[in-house]
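**Student:** Chain order of the listed sequences is A and B.
The numbering of the first sequence is the numbering used here, which starts it at 37 and goes up by one.
The numbering of the second sequence is the numbering used here, which starts it at 5 and goes up by one.
By construction, these hints were calculated from the structure, which means they are not laboratory data.
Quick caveat, the model's predicted, so the values are computed rather than measured.
We put the CB at the ideal spot given by N, CA and C, even for glycine.
Warning: the hint list may mix true and false statements.
Stated by the list, open to error - With a straight-line Cα cutoff of 20 Å, these simulated SDA-like cross-link-like pairs (lysine to any residue) come out:
| # | chain 1 | residue 1 | chain 2 | residue 2 |
| --- | --- | --- | --- | --- |
| 1 | B | K83 | A | K104 |
| 2 | A | K104 | B | H178 |
| 3 | B | K22 | B | E8 |
| 4 | A | K104 | B | T353 |
| 5 | B | K315 | B | N361 |
| 6 | B | K83 | A | Q46 |
| 7 | B | K83 | A | G121 |
| 8 | B | K76 | A | T92 |
| 9 | B | K134 | A | R97 |
| 10 | B | K134 | A | D40 |
| 11 | B | K92 | A | E86 |
| 12 | B | K76 | A | R109 |
| 13 | B | K76 | A | A72 |
| 14 | A | K104 | B | K76 |
| 15 | B | K83 | A | M88 |
| 16 | B | K76 | A | E86 |
| 17 | B | K76 | B | L291 |
| 18 | B | K76 | A | R99 |
| 19 | B | K134 | A | H49 |
| 20 | B | K92 | A | T92 |
| 21 | B | K134 | A | P127 |
Unchecked claim - Chain B regions said to be covered by chain A (calculated; three or more residues, Cβ under 8 Å):
| # | region |
| --- | --- |
| 22 | 36-45 |
| 23 | 54-61 |
| 24 | 131-138 |
| 25 | 187-193 |
| 26 | 281-293 |
| 27 | 393-402 |
| 28 | 412-426 |
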Amino acid sequence: MAVDAKVVAQIAHLARLHIDENLVTEYASEMTRVLALAEAMDDVDTDNVEPMAHPTHAVQRLREDAVKETGQRDAFQAIAPAVEGGHYLVPQVIE
Amino acid sequence: MQWETVIGLEIHAQLATKSKIFSASSTEFGAEPNTQANAVDLGMPGVLPVLNREAVHMAIKFALATNAEIGKHNVFARKNYFYPDLPKGYQISQMDLPIVGSGKVEVTLDDGQVKTVGLTRAHLEEDAGKSVHDAYPGQTGVDLNRAGTPLLEIVSEPDMRSAKEAVAYARKIHSLVRYIEICDGNMQEGSFRCDANVSVRPAGETKLGTRAEIKNVNSFRFLERAINFEVERQIDLVESGSEVVQETRLYDADKDETRSMRSKEEANDYRYFPDPDLLPVEIDDALIARLREVMPELPEARCARFVSEFKLSDYDAAVLTADRATADFFESVLATSGAPAKLVGTWITGELFSRLNKDSIELTETPVKADRFSGLLARISDNTISGKIAKNILDQMWTSEDNADAIIDREGLRQISDSSEIEKMIDEVIAANPSQLAEYREGKEKLLSYFVGQVMKASRGKANPGQLNELLRTRLKG
Numbered sequence: 037m038a039v040d041a042k043v044v045a046q047i048a049h050l051a052r053l054h055i056d057e058n059l060v061t062e063y064a065s066e067m068t069r070v071l072a073l074a075e076a077m078d079d080v081d082t083d084n085v086e087p088m089a090h091p092t093h094a095v096q097r098l099r100e101d102a103v104k105e106t107g108q109r110d111a112f113q114a115i116a117p118a119v120e121g122g123h124y125l126v127p128q129v130i131e
Numbered sequence: 005m006q007w008e009t010v011i012g013l014e015i016h017a018q019l020a021t022k023s024k025i026f027s028a029s030s031t032e033f034g035a036e037p038n039t040q041a042n043a044v045d046l047g048m049p050g051v052l053p054v055l056n057r058e059a060v061h062m063a064i065k066f067a068l069a070t071n072a073e074i075g076k077h078n079v080f081a082r083k084n085y086f087y088p089d090l091p092k093g094y095q096i097s098q099m100d101l102p103i104v105g106s107g108k109v110e111v112t113l114d115d116g117q118v119k120t121v122g123l124t125r126a127h128l129e130e131d132a133g134k135s136v137h138d139a140y141p142g143q144t145g146v147d148l149n150r151a152g153t154p155l156l157e158i159v160s161e162p163d164m165r166s167a168k169e170a171v172a173y174a175r176k177i178h179s180l181v182r183y184i185e186i187c188d189g190n191m192q193e194g195s196f197r198c199d200a201n202v203s204v205r206p207a208g209e210t211k212l213g214t215r216a217e218i219k220n221v222n223s224f225r226f227l228e229r230a231i232n233f234e235v236e237r238q239i240d241l242v243e244s245g246s247e248v249v250q251e252t253r254l255y256d257a258d259k260d261e262t263r264s265m266r267s268k269e270e271a272n273d274y275r276y277f278p279d280p281d282l283l284p285v286e287i288d289d290a291l292i293a294r295l296r297e298v299m300p301e302l303p304e305a306r307c308a309r310f311v312s313e314f315k316l317s318d319y320d321a322a323v324l325t326a327d328r329a330t331a332d333f334f335e336s337v338l339a340t341s342g343a344p345a346k347l348v349g350t351w352i353t354g355e356l357f358s359r360l361n362k363d364s365i366e367l368t369e370t371p372v373k374a375d376r377f378s379g380l381l382a383r384i385s386d387n388t389i390s391g392k393i394a395k396n397i398l399d400q401m402w403t404s405e406d407n408a409d410a411i412i413d414r415e416g417l418r419q420i421s422d423s424s425e426i427e428k429m430i431d432e433v434i435a436a437n438p439s440q441l442a443e444y445r446e447g448k449e450k451l452l453s454y455f456v457g458q459v460m461k462a463s464r465g466k467a468n469p470g471q472l473n474e475l476l477r478t479r480l481k482g
């Protein structure tokens, strides 16, 4: 799959990354080369292979339903850039 | 042209766990902002989610209640998008392999008809936090207490054909999740939220029209109104030659309209992929069997039992089993009061419910709990008091801690069932109303109720109505 400038712009937008316009072509060709590596997999016959969500065969361990962590707000808000009335403040988000 | 409405619902039910789905923070509602958000909920670097066992069990219970497939091998995935109340930049959800597969529920409509609605799937995911837009000028406040609260997103097939059907289905799911105690169902607090996918198509067409998704509906009444508004809007659009745009629309209850969320104009591209921080969840048959054993009696089964065991009508049984709190209340009062089932049912759905409605509260918040209500019903049942006096007593119980017997004794409300005493009052009333007596004897039998009223008045409402009627008829004949 060839990545073009449009795809690069779209991915950058989704990732909220600001990219230098002059580097778009370079990114496009680099990403195309990366994808080509993965495309090598197309040559492997995977018809009888179970899809895996995780590279190991381990199973998720579950935790008991218990509240064990409370009252940590002050510690976390001490390192936040802006807080008021217990809220974390961020630039205004228009609904 | 005739239009057909097609509706599918996505219901988010907050699971009633004590702690969050992936962290040990509390899920309790209403705490001070951010006091229930730990490093995992805040999406701090290096943290790892650990899945809550109870959330998994609750999802399985839902599958059992809806005869749905259980995803014995299910996988969490990341749904990527940016919003300040989602600190990680992705929501942990499920995509290809959800914990609950297809199932179905039977929904009883207003006209008594039963409709089967298909469930596409239900998956576990984490809730986002809350943004506060109006408290800080030029800034948005973020409260992450809700972030990481477990949700079961229940997705229906597009099987509903009217707003009423959609509401009936939503009520059914609401009742079910409360029956099996996996969600408290509190819509005001956002524990149970409905999004509706609505489209229209010409009657007879089998292809689905373009749909709009309505969000922000926090009551069944608004759900019905929002869908009806949206259906009208879409029909107007199509009939005027325009097209429906696939988009998310917010319902505004104040204006009773839906409007476009402009920020979502670009197509959603969530780039789901399996979450590498979480391993696949395996569910074995032993666990399913164990959970099946602790499942409570479901509404349909309970309704059928109320009909066969208590000889209630289908309608009464359905009303009394519509939610678990009512059914439990009924059975508790029935067992302790000794009153007949029909009487108990009528008093719950009539007198009790009308008082709850008047105060806009739920049965779980009733000031007269089952034990006191039972005490009142026992006195109606053993003829200590008449139904009319019982209503007054219930009013007094409503605003006090007194039980029925205490009020009856204090106010001397014990029903008069002594025939000689009633006869004495009848004679006095007859003596005082010679002209009415003459008219009655000339055939104006309607006057019976006049005499009943007079004697009741004389007894201050305490005469046993059955006895009074019988004795009065005899006496009036002369």
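**Student:** All the hints need checking, so say for each whether the structure fits it.
**Tutor:** Results of checking the hints against the structure:
1. B:K83 - A:K104: Violated. K83 of chain B to K104 of chain A sits at ~27 Å, over the 20 Å cutoff.
2. A:K104 - B:H178: Outside the cut-off at roughly 30 Å; violated.
3. B:K22 - B:E8: Outside the cut-off at roughly 43 Å; violated.
4. A:K104 - B:T353: 42 Å, violated
5. B:K315 - B:N361: 27 Å, violated
6. B:K83 - A:Q46: 17 Å, holds
7. B:K83 - A:G121: With Cα atoms ~30 Å apart, K83 of chain B and G121 of chain A exceed 20 Å; violated.
8. B:K76 - A:T92: Holds: K76 of chain B and T92 of chain A sit about 18 Å apart, inside 20 Å.
9. B:K134 - A:R97: 29 Å, violated
10. B:K134 - A:D40: Roughly 38 Å separates the two Cα atoms, so the pair is violated.
11. B:K92 - A:E86: Violated, at roughly 30 Å.
12. B:K76 - A:R109: Cα-Cα ~38 Å, so violated.
13. B:K76 - A:A72: 35 Å, violated
14. A:K104 - B:K76: 29 Å, violated
15. B:K83 - A:M88: Holds. K83 of chain B to M88 of chain A sits at ~18 Å (cutoff 20 Å).
16. B:K76 - A:E86: Roughly 15 Å between the alpha carbons, so the hint for K76 of chain B and E86 of chain A holds.
17. B:K76 - B:L291: 10 Å, holds
18. B:K76 - A:R99: 18 Å, holds
19. B:K134 - A:H49: Violated, at about 24 Å.
20. B:K92 - A:T92: 24 Å, violated
21. B:K134 - A:P127: Answer holds: K134 of chain B to P127 of chain A is near 15 Å, not above 20 Å.
22. 36-45: Since 8 is at least three, the answer is holds.
23. 54-61: holds (count 7)
24. 131-138: This one holds; 3 residues, not fewer than the three required, reach chain A with a Cβ under 8 Å.
25. 187-193: n = 0 at 8 Å, threshold three: violated.
26. 281-293: Held - the region 281-293 of chain B has 5 residues with a Cβ nearer than 8 Å to chain A, which meets the minimum of three.
27. 393-402: Violated: only 0 residues of the region 393-402 of chain B have a Cβ under 8 Å from chain A.
28. 412-426: violated (count 0)
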